[in-house]
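Each chain, letter by letter, is given below.
Number of protein chains: 2
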Amino acid sequence: MRTVRVAFGERSYTIWIGASALRRLGEAACSCFPGGRALVVSDRNVARRYGPAALASLREAGIRAELLAVPAGERSKSLAQLSRIFDRLASLKLDRGCGLVALGGGVIGDLGGLAAAIFLRGIPYIQAPTSLLAQVDSSVGGKTAVDHRLGKNLIGAFHQPAAVLSDIASLDTLPAREFRSGMAEVVKHAAIADAALFTYLERNAARIQDRNKAALERVVAENCRLKARIVEKDERETGLRQSLNFGHTLGHAIETLAGYSRRLLHGEAVAMGMAAAARLSCGEGLCPKGDVKRLVALLERFGLPTAMRRPPALRQLEGAVESDKKRRRGKPRFVLLERIGKVRYGCELSSRGWRTALSGRPVKG
Amino acid sequence: MRTVRVAFGERSYTIWIGASALRRLGEAACSCFPGGRALVVSDRNVARRYGPAALASLREAGIRAELLAVPAGERSKSLAQLSRIFDRLASLKLDRGCGLVALGGGVIGDLGGLAAAIFLRGIPYIQAPTSLLAQVDSSVGGKTAVDHRLGKNLIGAFHQPAAVLSDIASLDTLPAREFRSGMAEVVKHAAIADAALFTYLERNAARIQDRNKAALERVVAENCRLKARIVEKDERETGLRQSLNFGHTLGHAIETLAGYSRRLLHGEAVAMGMAAAARLSCGEGLCPKGDVKRLVALLERFGLPTAMRRPPALRQLEGAVESDKKRRRGKPRFVLLERIGKVRYGCELSSRGWRTALSGRPVKG
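For the protein sequence lines, the chains are A and B, in the order given.
Read in order, the letters of the first sequence correspond to residues 40 to 404 in our numbering.
Read in order, the letters of the second sequence correspond to residues 40 to 404 in our numbering.
No lab work stands behind these hints: they were computed from the structure.
Some clues are possibly wrong.
Which copy? The list can't say, so a pair holds if one copy fits it or any two copies do.
[Said to hold, decoys possible] Mimicking EDC-like on lysine to aspartate or glutamate, the simulated pairs with C-alpha atoms at most 16 Å apart in a straight line are: (1) K370 - E387; (2) K132 - E361; (3) K381 - D233; (4) K370 - D134; (5) K332 - E377; (6) K132 - E105; (7) K132 - E357; (8) K328 - E377.
Model the full structure from these sequences, guided by the hints.
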């Protein structure tokens with residue numbers, strides 16, 4: 040078991056990472072929820088697989104707990120599902136000493152986290168992320184949200200969890216495509232801030248893809264540590280935290296255009312977004328060609344897409360980027376690669392090269 | 040024009056109080072919304088009366104602004120109306136440099152404030168409270184919320200406004216009953232923390248009821264200052280801020296039972312709740328009879344109810360108190376009066392005397 044401490048003053052918390060982390064849920068809930076009651080929010084797939092163990096751990100520790108399962112998939116990140124959670128929390132008459140457990144992937148963490156953020160103006164919650172994407176990304180930093188039909192994550196809050204339990208064993212049953220999608224964020228973290236981790240990923244790609252537990256424990260822990268150091272310095276994304284949006288400006292746009300369907304997973308969109316951003320950086324003369332190649336090669340080692348055969352029309356892309364919430368003063372901003380391990384954020388770029396970059400062709404400066 | 044500074048570090052802001060404060064809206068929006076665009080949220084009554092002036096002030100200052108009016112009344116503090124605001128904010132493609140103006144009473148401040156708190160995980164907003172209740176109470180402290188059918192303010196957030204403009208002239212047109220309702224919170228502030236203000240209210244009750252502008256400006260400013268000093272010390276209501284719940288434990292309960300209808304205004308419920316809490320304090324031997332009498336007399340001078348002919352059945356009261364969000368670890372807590380100007384919070388009280396206290400009869404210890 041590894042631990043990462045995330046330091047936010049009074050709201051600091053610990054991430055537990057290991058092959059049986061979920062067994063600690065009851066124990067964690069005892070210290071996080073003094074009121075002794077909890078609602079476990081999950082999706083139907085995860086609930087079937089891990090719900091009984093989670094409830095058993097809570098009940099053994101003397102926590103009165105119930106389970107609410109929403110349909111699996113991004114469509115559950117909606118005001119409608121949020122409202123269902125409020126109905127259940129209110130009818131259980133939970134008070135501020137009670138809590139919520141978000142058991143599942145990123146969708147559940149975002150949805151459950153937002154419910155906890157605004158029910159009674161904030162109750163404590165524990166994240167129990169069961170997907171790689173959630174373990175390395177959304178469980179660190181306290182961002183919670185639901186989608187709006189006009190844009191992803193348009194409605195949300197910053198609300199730090201009281202604890203995070205990342206059970207590496209839950210990655211065993213993760214579908215291959217979701218595992219790959221999680222690796223996109225792992226590669227992103229290494230690319231923006233940790234050249235040594237990038238090299239580790241290049242050298243250990245095979246072990247990681249075989250889901251070797253020791254390798255995954257290390258990868259998850261290093262990612263959490265790296266992301267924690269960034270969000271601690273800039274909780275509300277006024278500066279440094281923007282670097283985490285590498286690949287997200289175009290990534291979110293093509294995700295929005297695909298309608299958050301299963302046709303395109305978040306990590307796949309981000310992988311294409313990163314590759315495109317790297318090509319654009321190179322076109323601007325900011326980043327050596329060799330680093331673009333290393334990035335593209337590593338993403339492809341993990342089975343991720345790095346180009347689109349038919350990128351959306353430029354006008355559509357511009358519209359989708361426009362409606363993205365990362366806009367500032369009306370201008371879309373990009374995170375550009377300087378070299379493996381270093382990025383520059385807040386860059387303005389004309390839309391001239393967007394489609395070229397997404398199509399996989401080199402962009403001229 | 041008087042000003043009160045509310046100190047929350049980076050989130051500090053100024054409250055402007057005066058007979059033409061609303062004219063400063065455009066100027067305030069220029070410094071609060073660098074993106075130069077705003078959505079004004081109001082209710083239909085207030086929008087008819089002050090909407091054109093608000094929009095004119097914004098547009099003169101170069102702010103592109105639109106107005107969204109929801110139906111008047113507490114029923115608009117709902118997820119459904121919140122969702123309408125999100126639809127409008129999203130379709131306007133406002134970014135984080137743009138903002139929201141909450142123009143209206145407490146309902147609009149709570150609803151608009153929550154929309155601003157969670158749209159894009161927080162955009163700036165300006166409160167332009169037009170009711171006495173909103174000017175002396177809900178515009179200070181950053182509490183925002185909507186109701187749930189199982190309880191008032193169950194869904195909300197803490198989100199400090201970027202500025203508050205309290206236009207005293209808007210109190211001229213306030214219906215008498217709403218004015219009285221606002222005075223309940225004024226009396227509450229004086230009772231819990233400022234014996235000198237209490238005496239001022241006793242001596243100037245007639246001028247205040249005549250809506251003398253100088254007297255009202257002083258009353259609003261002193262109330263804002265007093266509440267600001269409390270919430271600055273305890274933004275998230277873990278201690279001192281609980282004293283502001285004086286009269287609210289039973290007040291909220293009878294309000295919940297009345298169904299947030301126009302049959303009972305918030306201030307009327309709080310007035311009865313305060314009188315009941317004072318009688319309970321006296322029954323506990325905590326507060327002299329004379330102070331209970333002064334409190335009841337002052338509330339009655341302002342035309343507020345201090346007793347119910349037929350209080351709800353005890354079981355109903357208990358149920359409604361139970362579901363109130365101020366509960367901690369399952370036990371309802373009371374704020375009890377020690378003397379005019381001083382209260383004690385976090386007190387547990389058996390439900391034995393609740394109905395007696397609400398009926399206006401003295402409670403035995």
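These are the hints, each one checked on the structure:
no.: 1; hint: K370 - E387; verdict: within (7 Å within a copy, 55 Å between copies)
no.: 2; hint: K132 - E361; verdict: between (41 Å within a copy, 8 Å between copies)
no.: 3; hint: K381 - D233; verdict: within (8 Å within a copy, 57 Å between copies)
no.: 4; hint: K370 - D134; verdict: between (43 Å within a copy, 10 Å between copies)
no.: 5; hint: K332 - E377; verdict: within (13 Å within a copy, 74 Å between copies)
no.: 6; hint: K132 - E105; verdict: within (12 Å within a copy, 39 Å between copies)
no.: 7; hint: K132 - E357; verdict: between (46 Å within a copy, 13 Å between copies)
no.: 8; hint: K328 - E377; verdict: within (11 Å within a copy, 75 Å between copies)
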